[in-house]
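2 protein chains.
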Amino acid sequence: MSLLIKNTRFLDVIEEKIQEDMDLYIEEGRIAKIGKNLDVLADEVLDGREKLVTPGFINGHTHLGMSLLRNYADDLELQTWLEDAIWPIEAKLDREDIYWGSLLSMAEMIRSGATCFCDQYYEMDRVGDAALEIGMRGILTRGLIEDGDKDLKLDQTRALYQKYHKKGKGRLRVVPSPHAIYTCGEDYLKEIIDLAKEMDGVINIHMSETIKEVEDCKRDHYMTPIQYIESLGMLDLHVIAAHCVHITEEEMDLVKNRRFYPIYNPSSNLKLASGFTPVQKMLDKGIVMGIGTDGDSSNNNQNILEEIHIGSIVNKAVSMDPKALPAMEILKMATINGAKALGLEDQVGSIEEGKAADLAIFNLNSASFTPKNNLISALCYSAQAEDVESVLIDGEFVLKDRQLTKIDYDNLLKTVQDRMDQLVRR
Amino acid sequence: MSLLIKNTRFLDVIEEKIQEDMDLYIEEGRIAKIGKNLDVLADEVLDGREKLVTPGFINGHTHLGMSLLRNYADDLELQTWLEDAIWPIEAKLDREDIYWGSLLSMAEMIRSGATCFCDQYYEMDRVGDAALEIGMRGILTRGLIEDGDKDLKLDQTRALYQKYHKKGKGRLRVVPSPHAIYTCGEDYLKEIIDLAKEMDGVINIHMSETIKEVEDCKRDHYMTPIQYIESLGMLDLHVIAAHCVHITEEEMDLVKNRRFYPIYNPSSNLKLASGFTPVQKMLDKGIVMGIGTDGDSSNNNQNILEEIHIGSIVNKAVSMDPKALPAMEILKMATINGAKALGLEDQVGSIEEGKAADLAIFNLNSASFTPKNNLISALCYSAQAEDVESVLIDGEFVLKDRQLTKIDYDNLLKTVQDRMDQLVRR
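Protein chains in written order, with the UniProt record's numbering: chain A, 1 to 426; chain B, 1 to 426.
If you're looking for bench data, these hints aren't it; they were derived computationally from the structure. All C-beta atoms in this analysis are idealised placements derived from N, C-alpha and C, irrespective of residue type, glycine included. Each hint should be verified, as a subset may be incorrect.
Chain B regions said to be covered by chain A (calculated; three or more residues, Cβ under 8 Å) [said to hold, decoys possible]:
1) 70-80
2) 97-108
3) 262-272
4) 306-319
5) 322-330
6) 364-371
7) 382-388
Using the sequences plus the hints, can you model the full thing?
Right, dumping it as structure tokens:
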């Protein structure tokens, strides 16, 4: 199948501008040709005059299966929220709940223009199945917490790697994932690091999310969290480091020339009162960052456009500088830099010839984009998920005219509701 | 015309809960009857089973006519932004630009569930015309800045009051509105206070938005801004006080038993790096607050649901407490407390018999509301403007199945774009 998007404009995150009056020719899942007035024949031609094409957004950190638990418990202290509310109900989630919950999260992500995710949860084979079904790109990571099943969980990671790594035309990846330094002991962390080395040398972990985590680490290891993971050899790997709310300047200097990629989760960090992530400071140090939604129970949605918007404006106030974290910088976090953070920049993250055709197509004929002044600002500050008209992954429409093409959306909503009704009775 | 919404649920901001299995009967623009299985005949019956009805949201502070300037200049220092970018182009806006820009802002507000606004701008008669056309409720305030035309502007306020106050079946109000203490001298402020007393005793002003405003006030008047307006007698009036980012504890104590209503503008305060408004502290003092979008050039959208969401989560981080500014509290700011702030609580702000039928109807058959756990949390943290299916003002549909009923939306978008194209060439 080939597709020609005629007379359009796209967000060029490499040149950091909107490229106007462009044709995009997509063939066999790739962006085959970009230029003005392309002389090509395509199976399908899309009039792009009133559209804006962006790279599909990359949700660098989430827990997809948690969507059943959204709005189940909020406005509580972190420990109360986790221990009294979330964990007891989460323990009752079964494999099928996680499959359906993940599918719902994916539907929501796609409907906000996201095409790729990095997920940490369990029953990850069912998350992989959901991704294959809806056609999404993503990194599957089985969260590893040290308990009686710690070896079983490593085996599950190995099995997941065998069965899902590079499946779906290479769209899926599998990466080992210790939950956090406070839920895994030193020996277990070392085992996981060794496993990551056996695989592709990538690891995914929650880092420095709360002050408590940092203080406990200093008490137990006489080091800050990133110093601690360095002492274990983790910084020799490619590290996808969710949160980094309480990263110190010293730690920034430690990681700035390493393959260490913080993923900023604005809504979650604010909602859980974890703190204000020093994004502009990390960027000033040259650290490459991604952005994520976090799970639905701490956000409580999977709309990546909200994260872009909130992340940008909050950091202006934190930096006491309206020039901080400008629109283009955070859009890069959600595209090319997110791709770098996930180790996928050869495939996605920008609209360049040869890359996979993972694209979001915005309808500019909307209030948010009227009048069409600076479209980069409009994407960050005005755009609504409703403006995302269509989404392509690997050149295939997964959303067309706001309808999901690969799944039955009404049945999805109904099934998730039914499962939640059963869950609370379990 | 009468309307019966059958078997629905609604947000009760008085009892602070969702009232389930309710019928709402609307007659002659009012909420005539609320109850279970109402035995009434209505001209139109709406199946409310998959809906959630809320009071129409109240946008307590905005500059509607600025939407042409949205995304025109961003990521700049406040003074550069205003003086080099916004003011030069704003000076070229004509009456018709402001009419069309206001209509666009109103369309956007309605599409996010808002039914009422407090606007401060100029050419306010054309804003009033737009409100009458689209059917919105609102307070019109001509921004008063002391310059060569200071007396003319007072006359315009008087003329506006004569022509628009209580027009549109009482939906419109006119209130005198000094722009700020730093743009009006002491004598001019006193003249405006006297004018407000001649009218309905209400005044609308920007207060303590930036540190500079506070510091300049202390330097010039040896008082903080709210102490200063008290010294002028302004606190004898009903004061709608936009922003109050830098209100002091002493000032909070000064106003807590007065008719002084801060309007919180989360996106604008963050984006302009004005600071973090101490919302929870003001609430703890018993101060009644509203919430607003501010103008499109500093937000850059008129989606009141985003303000509800952002305002809540930012204040949790500011307070270092995930229990701060819970969902219900900020929903009250957007409804009943916003109505109190605007002096309209007798008419709107809650779903109670006798009040005007200003309602937003959410479609619960959406990803955001699936599964249906705590719907109060869902409204605050998950809901998207796209979920607002219909909106009623004074019992009339202004939005139905996501379509604006009173205006031609496509023509609106096209006209605003044409006018902006002309504006930059002027």
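Quick rundown of the hints versus the structure:
1. 70-80: The restraint on the segment 70-80 of chain B holds, since 9 of its residues have a Cβ under 8 Å from chain A and three suffice.
2. 97-108: holds (count 3)
3. 262-272: holds (count 5)
4. 306-319: holds (count 9)
5. 322-330: As far as the segment 322-330 of chain B goes, the hint holds, because 5 residues have Cβ atoms under 8 Å from chain A.
6. 364-371: holds (count 6)
7. 382-388: holds (count 4)
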